[in-house]
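As a plain string of letters, each chain reads:
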Amino acid sequence: MLKYIIKRILIFIPTLIVISLMIFGLSKIAPGDPVELRMSGGLQTGDTGQAADKQQGEKVYFEIAKEMGLDLPTFYIDFKSKAQPDTMYKVGRRYEKEMLGRLCSKYGNWQEVSNYYKSLKALEYSSFNIPKNEQTFEQLKNVRETVNELYREYDDVVINSKLNNIKEAINKDQTFEEIQINENNEADTVTISKNLLAPLKVEIDGVLSNYNSVKQNAKPINRYIPKITWYGLKNQYHRWMFGDKPWFRNSDDPTLISSGFLRGDFGVSLRDGRPVWSVLKEGLIITLKFNLIAIFLIYLIAIPLGVYIAVKKDSLFDRFSTVLLFILYSLPTFWIATMLIVFFTNSEYGMDWFPSFGLGEIPEGASFFESFKISFWHYVLPVLCMTYSGLAFLSRQMRGGVLNVFNQDYIRTARAKGLSEGKIIWKHTFRNSLIPIITLFASILPGMIGGSLIIEYIFSIPGMGNIAFGALLGRNWPVLFTVVMLSSVLTLVGILLSDILYSIVDPRISFTNKA
Amino acid sequence: MTQQREELKEIDQSYGAIVKRQFRKNRPAVWSLRFLYLIVLIGFLADFIANDKPLYCKIDGESYFPIFRDYAVGLGLAKQPPALMKITDWKTVDYDSVIRTPIPYSPATTDYSNAQYVGPFDKQRIQSSRYKHLMGTDDIGRDVLSGMIHGTRIAMLVGLFAMSIASFIGIALGAMSGYYGDDKLKMSRIRIWLNLLFVPFAFFIAFMARKNLVADAFSSSTISGLFQFLWSFVLFAIVMLIPNLIAYPLKRIPFLGKKRSIPIDIIVNRLIEVLRSIPGLLLILAVVASLGASLVYVMLIIGLIGWTGIARFIRAELLKVRSLEYIEAAEALGFSRARIIWRHAIPNSLTPVLIAIAFGIAAAILTESALSFLGIGVPPDTITWGKLLSKGRVAPEAWWLAIFPGFAIFITVTIFNLLGDGLADAIDPRLKQ
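Sequences listed follow chains A and B, in order. For the first sequence, the working numbering begins at 4 and goes up steadily by one. For the second sequence, the working numbering begins at 324 and goes up steadily by one.
Mixed in with the good hints, there may be bad ones.
Okay, derived cross-link-like pairs now, DSSO-like style, lysine-lysine, Cα gap no bigger than 30 Å in a straight line [stated by the list, open to error]: (1) A:Lys-10 x A:Lys-85; (2) A:Lys-316 x A:Lys-31; (3) A:Lys-230 x B:Lys-574; (4) A:Lys-10 x B:Lys-574; (5) A:Lys-121 x A:Lys-85; (6) B:Lys-348 x A:Lys-10; (7) A:Lys-6 x B:Lys-343; (8) A:Lys-284 x A:Lys-248; (9) A:Lys-85 x A:Lys-124; (10) A:Lys-83 x B:Lys-534; (11) A:Lys-31 x A:Lys-57; (12) A:Lys-316 x B:Lys-348; (13) A:Lys-316 x A:Lys-292; (14) A:Lys-248 x A:Lys-292; (15) A:Lys-100 x A:Lys-124; (16) B:Lys-534 x A:Lys-10; (17) B:Lys-534 x A:Lys-93; (18) B:Lys-643 x A:Lys-292; (19) A:Lys-230 x A:Lys-124; (20) B:Lys-643 x A:Lys-6.
FYI, nobody ran anything at the bench for these hints, they're computed from the structure. These figures come from a predicted structure and were not determined experimentally.
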């Protein structure tokens, strides 16, 4: 049996890896640039038109990206077409990556695309060196905005028209009224036209010629040639799972920040930069508390109830409770929760018996009894919602299990021996029908953890599910994916425990040799 | 041969007949089936039951069938006549004669004179009792009953589509793992190697090189996107033909041709465990968050993670079936493995799978409702039961919003659960004892 348990735990590891890969993949395709989401907390610098500000903004961007480990390649290996460069991960913004990726796959020539991109950047930076005044303001704004649009654009027609727009904007002369002293020593206003944007002409010509050479030197066949790149251990997945700090010794290197998922470091929340763990800690405790209470209640009620119904088989009580349990099982939790909220938590229908949301405020220094009284009323409805469905399911299973055992020969033997009915039920039937019920724990658990999300949402309980939901709405990806990952691990552990329990409780079952 | 097949068919039918007879004895299940027909009918005919356009109308001496016309326009067969295009409010049009739908509201029609939650028993400001909101209205005056009827269509669509995907995957994987087990699927070394080598390559050609193309197709229209996506799968299959063709002559070399077994059962079981241990709702939330809100995605995801129950059922069934005499006979006759699985083993194990499918549809409808209740996954302009119910949560005074949509979800889920139960009893009457 020890062999089986060890084998079972070993199987646990690849399952965990697959789950982590799935969740990591999802977190990578989640929309929005995480660094920008993180920066919108107040660090973002507006476009004030100063080169220094722009550079400062870029610097902050890359610092945050580095802090979050986003300057690393995504995975150990990368499998992509030959048209794509190996070093794409070094490009900052997500939309720029998208644009460059599209251009690369269309023209298959990274070198040329890179030149085009660099010349666009150069154009933008040199536009900051042009003095800004009344005459040039509109033109400069036009140029910068169009360049920023070009960072997202990969459609040939649009790029051409935008580049021509820039060119036109640059070539337009400004008119100045200058006061000149003429021959008669009189002040005279003369209108002269001059192009202050002239330095940009070289740049835009460079961009145009680079873009043309992208098109001329296109090698679209590269798109269909696969290429494998090995990036080694310095990658985002490895950092997320294992962290970049060394595992078995201390390190003073301040650039190593993350200790990785396996050591309990889940990254930082995009909204306020707090560690995800500190955001989730209390929520996790609340969710676990609710789930444990619910599971305890389910088993406490369902097991005797199931036995009782099975014993009273074919009676009126059996039929009635079977129908009732079936209905309970089919009732959608969120419907019942909504109905409870609507009818029992406000004065509209005269049944304002329960608090409608939250967990209640426990005053400082309240005695245990007082705080219990306050929380009790807040717990009743949510726990009721979390319990009834599992209760119905388990009672039905218990009834079936007991009935199944009743049909066995050894029960008939026990009856023939003249044992009392009570002894037959509790000593011979109950124990044997309990085995499958214990393991049903595994199939209830994922549903309960997922289901508590909706209940927490409806009753506004600050649990893990509600935090996850808020994170989803606020695009706070690290928090959301940590919740998914944590609850999967919890469920996996639950399944593992129940499997091991099963093999301990029921020695007949041998997992080592499958039929 | 043909005679043999016919005989098999006859046995098959009689098995079905037994199940049918048993099923008919179960009254709740039979009633569920009748109710199911009704619900499917309502979903199918939703446009003709609740619509603000009339079924038939005569305007200025011209006859129109506006709803049929909409269908024709949607299919690209006809154009909208100009007389109808001008109409914005179908209630106030001066008809010569008109036949209206039973409920003269579309789910999205806003009746501003009855906005702000008017209940079924409240005083409603309507022209005649014909226009009564039988189940009240929501905050902007949309008719709840109409939303319920059109929500039926969404629920049925989700259940059907999601479970079709799930059944396909579940039956294929479950049958393979049940029939082959860990040691029965044997392939020559060279074929395994070449296949392993070509999977990434085929994936690259079919999906990665076409990534932008498919994304663009999806953004232009869902149908063309799906077409391109399916085409990727075809391409994948075509590329995967290559290693199998190459392996054919190379198999003759003794070392390369040595048979190795593929532990397909372990692989499928691991996959099931992975999917089972991620809480479904959370996974769907994460996927919807990453891919964006769309009914198609919701159905796809529910289908892609909902096959585990079906796979386990068919696996257990095939474990039983594969040691039966008629399979041995088929093997002795030298039929191919694929033929034995698809023609002999699966048809005989399919009936129990219906149980898993019935429960699966219930679960799919429940999941979709939960998602719309949370306001995720379904675009804002689509009215579903879950969405109506979520309005009941924020407006406690509108009891009709809390009761009716929830009841609809409950009834539908119960019907499928009862059907599943009835099927289970019919297939294995011993359980009923």
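The hints, checked one at a time:
Restraint check: the Cα-Cα separation between A:Lys-10 and A:Lys-85 comes to about 42 Å, which exceeds 30 Å; the hinted pair is violated. A hinted pair counts as satisfied when its Cα atoms are at most 30 Å apart, and A:Lys-316 with A:Lys-31 does not qualify at roughly 55 Å. Distance check on the hinted pair: A:Lys-230 and B:Lys-574 sit about 29 Å apart at the alpha-carbon level, within 30 Å; holds. The suggested pairing of A:Lys-10 with B:Lys-574 is violated, with an alpha-carbon distance near 35 Å, which exceeds 30 Å.
Using a Cα cut-off of 30 Å, the hinted pair A:Lys-121 and A:Lys-85 holds, with the two alpha carbons roughly 21 Å apart. For the hint pairing B:Lys-348 with A:Lys-10, the CA-to-CA distance comes to about 47 Å; that exceeds 30 Å, so the pair is violated. Between A:Lys-6 and B:Lys-343 the alpha-carbon distance is near 46 Å, which puts this suggested pair outside the 30 Å criterion. For the suggested pair A:Lys-284 and A:Lys-248, the alpha carbons sit about 23 Å apart, so the restraint of at most 30 Å is met.
Of the supplied pair hints, the one linking A:Lys-85 and A:Lys-124 holds, its CA atoms being roughly 25 Å apart against a limit of 30 Å. In summary, the hint linking A:Lys-83 to B:Lys-534 is supported, as the alpha carbons are separated by about 11 Å, within the 30 Å threshold. Among the hinted pairs, A:Lys-31 with A:Lys-57 is consistent with the structure: their alpha-carbon atoms are about 27 Å apart, no more than 30 Å. A C-alpha spacing of about 20 Å is found between A:Lys-316 and B:Lys-348, which places the hinted pair at or below 30 Å, so the restraint holds.
Distance restraint check for A:Lys-316 and A:Lys-292: the Cα-Cα separation of roughly 36 Å exceeds the 30 Å cut-off, and the hinted pair is therefore not satisfied. At roughly 33 Å between alpha-carbon atoms, A:Lys-248 and A:Lys-292 are farther apart than 30 Å, so this suggested pair is violated. Straight-line distance between C-alpha atoms of A:Lys-100 and A:Lys-124 comes to about 14 Å, which keeps the hinted pair within the 30 Å bound. A C-alpha spacing of about 40 Å is found between B:Lys-534 and A:Lys-10, which places the hinted pair above 30 Å, so the restraint is violated.
A hinted pair counts as satisfied when its Cα atoms are at most 30 Å apart, and B:Lys-534 with A:Lys-93 qualifies at roughly 22 Å. Restraint check for B:Lys-643 and A:Lys-292: not satisfied, since their Cα atoms lie roughly 43 Å apart, outside the 30 Å limit. Between A:Lys-230 and A:Lys-124 the CA atoms are separated by roughly 29 Å; this keeps the pair inside 30 Å, and the hint holds. A hinted pair counts as satisfied when its Cα atoms are at most 30 Å apart, and B:Lys-643 with A:Lys-6 qualifies at roughly 27 Å.
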